[in-house]
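Enquirer: Just so you know, the sequences run in chain order U and F.
Here the first sequence is numbered in UniProt numbering, starting from 1 and rising by one per residue.
Here the second sequence is numbered in UniProt numbering, starting from 1 and rising by one per residue.
In case anyone wonders, no lab produced these hints; they're calculated from the structure.
Heads up, none of these hints are tricks.
Chain copies aren't distinguished; within one or between two, either way the pair holds.
Derived lysine-lysine pairs resembling DSSO-like cross-links, with alpha carbons at most 27 angstroms apart:
#1 K637 / K236
#2 K637 / K587
#3 K82 / K52
#4 K82 / K116
2 protein chains.
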Amino acid sequence: MTHPRPDIHRLFRPRAIAVIGASHDREKIGFKILQNIVTAGYSGAIHPVNPKGGEILGLPVRASLAEIEGELDVVCTCVPAKHVFDSVRACASRGVKFNLVITSGFSEIGNAEEEKAIVAHAREQGMRILGPNIFGMYSAAAALDMTFGPGGIVPGNVAIITQSGALGLAMIGKTAAENIGISAMVSVGNKADIQESDLLEYLVEDESTLSILMYIEGVRDGGPLVEVLQRAARVKPVVAIKSGRSKRGAAAAASHTGSLAGSDEIFEAIMRQCGVLRAESVREGFDLCKFLARTRTPRGRGTVIITNGGGIGVLATDACEKYGVSLLDDAQDLRATFGPVTPSFGSTRNPIDLTGGATADHYDRALDAALANDSIHSVVALYCETAMFDVATLAPMVAQNYARYQDAGKPIVFSAFGGGDVESTLGRLSRDRVPIFSDVYDAVHCLGGLYRHFENFAHPLRRSDEAPIDLAVVGEILAGARAEGRTFLLAHEGRRLMEAVGIPLPRSRVARTLEEAVRAAEEIGYPVVLKVVSRDILHKSDAGGVALDLENRDEVIDAYQAIYRNCRAAVPAANISGVEVSEMVRKGLELIVGARRDPGFGPIVMFGLGGIYVEVLKDVTFRAVPTSRAEVLTMMKEIRAFPLLMGVRGEERKDIDSVVDAVIRIATLIRSCPGISDIEVNPLVAYEEGEGSKAVDVRVLLAALEEDGTDA
Amino acid sequence: MTHPRPDIHRLFRPRAIAVIGASHDREKIGFKILQNIVTAGYSGAIHPVNPKGGEILGLPVRASLAEIEGELDVVCTCVPAKHVFDSVRACASRGVKFNLVITSGFSEIGNAEEEKAIVAHAREQGMRILGPNIFGMYSAAAALDMTFGPGGIVPGNVAIITQSGALGLAMIGKTAAENIGISAMVSVGNKADIQESDLLEYLVEDESTLSILMYIEGVRDGGPLVEVLQRAARVKPVVAIKSGRSKRGAAAAASHTGSLAGSDEIFEAIMRQCGVLRAESVREGFDLCKFLARTRTPRGRGTVIITNGGGIGVLATDACEKYGVSLLDDAQDLRATFGPVTPSFGSTRNPIDLTGGATADHYDRALDAALANDSIHSVVALYCETAMFDVATLAPMVAQNYARYQDAGKPIVFSAFGGGDVESTLGRLSRDRVPIFSDVYDAVHCLGGLYRHFENFAHPLRRSDEAPIDLAVVGEILAGARAEGRTFLLAHEGRRLMEAVGIPLPRSRVARTLEEAVRAAEEIGYPVVLKVVSRDILHKSDAGGVALDLENRDEVIDAYQAIYRNCRAAVPAANISGVEVSEMVRKGLELIVGARRDPGFGPIVMFGLGGIYVEVLKDVTFRAVPTSRAEVLTMMKEIRAFPLLMGVRGEERKDIDSVVDAVIRIATLIRSCPGISDIEVNPLVAYEEGEGSKAVDVRVLLAALEEDGTDA
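Just chain U, with the same shape it has in the complex (with noise of 0.2 angstroms):
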């Protein structure tokens, strides 16, 4: 029997708290946190519990739960791993809604069978498991350091969700340093129950929280997590730092968190599908997660730089093309708007040049002219240290001109770059929230961050689109397979499965007579290929068994007679049951359209150029399933082959529509038939617009069966 689960506000939100474990040895994990939540100021009850009894930091201590009265919203487990069992079931029969096991010792080093018995008990009775292998957790909500932390949280409007204990711990220290301030920060450790996905659900309607930064090493809830993480986007930013990306770091990953990360290239994909912005190292983390809690969507796309060096102009102009930032283009409105505050030499094209020469009223005029315009919806400001530049004016130049855009809902990134002066200016401005960074790349980098999340708006969450397929059929198929004791579908197979999902195939039929092989030519339209049928010939072609492009009635009776002939000849022993006759078919685009079971995210789609190309340029990409035809729409043109879909060097458009129905109907039964684990279509010959794509080759992989031994 399962209860139902607690609610996850109250995790970020408890009234009441105990700490199982708690110490009075200053160097113990149990008295850390036990200070870390005294000193942070949590205004709930707070229960100390430990055998021995006594007093720490002025609290009672509780020899055991049974000595706590009301109700325990969270409890906090530090007792050595041996011991963690126990603690669960007295908090579990004591009605406590979630426990945070800080304990290590679990999955993580191949004890997978105590953590999932764990995980199982506290769920039947109702309590939600934080962890193991986690140092905490804290609430600005609450004022609720949880956490064995080195203190000093900077309360705020950024959210972390961490999978990496040690790099979460480092966090604390480097978000005060920095003045992040942090509006919630978990450790998930191994994840055996509580989730990203559970978590985001929170931080989704959580108000202080303004942006959001995951730091992830494997994903174990793939279905719910793109669910969420496509809302929660569409709301707030979210920001995640994916590591293991390469094929060694993903080993290192997995040895060290007992967690199975995925390829790459699908978490990259699929990131995308939920409008998630990716960081590479923790810095760009930080800079977007800071920058993008500040900062109000811009009202459209038109950016301009301002500077007063070319150099970094024209470095900037690079990073704006690199980061997806447009740079406004409109020649008169420029010169009319900046032609009056730049000095002659200067340069009103984009980027406005304000020459070695400017000062701070420089600056100030044209940041005014910028923010005049409503043409101009964000500014990137650069400023190269100059003689001509009292220094001591940089920082009030930029806190005010900073100040304004924030007030007019204007986005503003500033760059300065320059000697000891400058640098010292550029800290004070960035511990004060500032967006300013020394290097220009850094500061286009967050303005492209904000663009790209701001096409989550352009894109309403897009409803998920099925196609009807006939899963009898497919079933039947399955069952006939599984009955000849294969984990694979035979090329006949294969085809049936295509008819049932409904994707077009080359016409075929198989003729038992001469009368009806060229009946069956005929029908299909010439040209026309010949295969012999017989389970006896295996190289049919060696055999003398296939005849290609037959044009017409006589040369399909020519090469009947000759299959015969040539077979018999082969393979005198041979039982040939007929002639295949099927369409030859015409050369087209050659793509990829397949979908598999990931670990970590479920059902999956991929999309790509086929035929040979695929393996050598791997030119696909991927989506989580359920998906829709405008996302499928979307996925086509990241592939760099897309303009062959379009039609290049006077090529025809092909037929868009009967590719994406083809990826849709896929997506459909990889989500619909657990029985199925990997399919692949390849190639999938596209054709011009109106004449379709047909399913060329297929493959199909059966999953392990489900214990009852059913499909499904």
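Chain U is already provided as a structure; the job is to place chain F on it using the hints.
Expert: For chain F alone, kept in the frame of chain U given last:
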């Protein structure tokens, strides 16, 4: 008549200098430069020149050059633009060797004529011009700061050449703030005369220069630059920041320096050819140069990561893959080395995880073990702030280990992540030139740069390969086209050109009778293609003038007769001069080989995947010419489709030698025939090994004629 050019060493080590336009006004450039010269401690003779006379900074001011006795190696000119030419004339006739023209107002604002005239005059007199439009130069070898920058340049081992004045000036403060020592810094401005290549000739030999940073917006001296860069990068690391890499950035660069920025793909490929490291941002460039100037080349590729946090270990592993750092993989060796110094919960797999319990002592022992192991060639040491590690011990631990690694010549980089104390420790160590970074990606980036540089030593400078081509015939073909007023070649001229160059074509003959056609077909070998030859029939296929895939004598006879019949019916008045009998081109791998004259780099050659994919996938790469067979092989490996050449999915390996040969022949052609501006063989169809490759289609554009009307 051209005088011999002065030795470039003299520019960096002048015995006597003058400043023309020296000023009494402390706000003027003419004062600032003199002040920097005096302050930095230049020990040669310093002559301020100003008609007003008097004394500046204790130095007697000369009214004119005539008043100065003895040789003058370098003159710094900072008079208004309209007086520059007069000053140049005076210097030239005075025998000045180098003239730094600080003054702006020349080609960068469209005044290119004056600039050209100045340079032409100077060259004739044997004087060289740096600039115009520069902030000057600094040379540590002469303790000479001849810039109008802020002063305070820290002498050291990094040389900087910058095309941007504002950025360069700001670099003076920035390098001082970061304690990056400078051996030389040169502002090249409009590069009217002295180019990067000239300066590199000195910097390659200058022993105090241990790494070279170039900020480039556009290349002008491609040939000499490539030549000297190839030499330089085999002596010391060279890092290039190329701005204007985006299309828009290139436009911005062109507008502000008056130089044409070439395509970024070409620049990128040619820097690879030279062994130059590319940095995207100024930060990356500084990080690399600072690190590379102080780090000896590693003895091998075995890198070990040592960490106290799993998460950053995984991030570093990802970064190693990104930046081409190979992690040591010998589990047994790693266990033997690190087992004794790693806690029981840690890991001796690479990354070596000392766990969150690690202290400075644990690091010392692990770093000792890594230092002692000769199969470990470099180390990435990572630190995440923990409660167990006393931050006060961080600085000495890092500094001492760094010193020991330096002494042993084993490269090491550090990353430390944590709160304010960690940050300030890191800042201090970094100022002491210890390679330590807050972000692991930045640390590994440096090590990756070292390994990229290291590769230069594995590849000795390649000799240039050329192929014999029949230049007389090439000249004839071009002359024929010129005579008809064309700037492109016709199909048959292109075919003849390929023959003269020695690149195989599909076999082909023109037959004037049926007998000739049959004989041609027999000689060429079936299958063949027949095409009508008639200048009156434009659309050969429409007129029934083409027959494909003829497999025997009978089919050739039928087709020949049909072609005559069809064409006479379609175009009764046509003068039919015969039928072209060609080899039917077999399917193979379609490649593209091209060459052109780049405005910056001069003759360059291109190689990549051909056919319709060339435009869509842009899977091509470039090299400056001359190049070598070995370099062309390296070039081939750069394209994504390279595995197709090696044979995938059971396909045969292609005849790579024949493709290399075609590239070398096209490279030789573009180098030896200035009359050709562009040539593109697409497709060059490559067959299995031993079967060569064939130029199926070729397009050739002719260059604008030289003034004397010749092609060379």
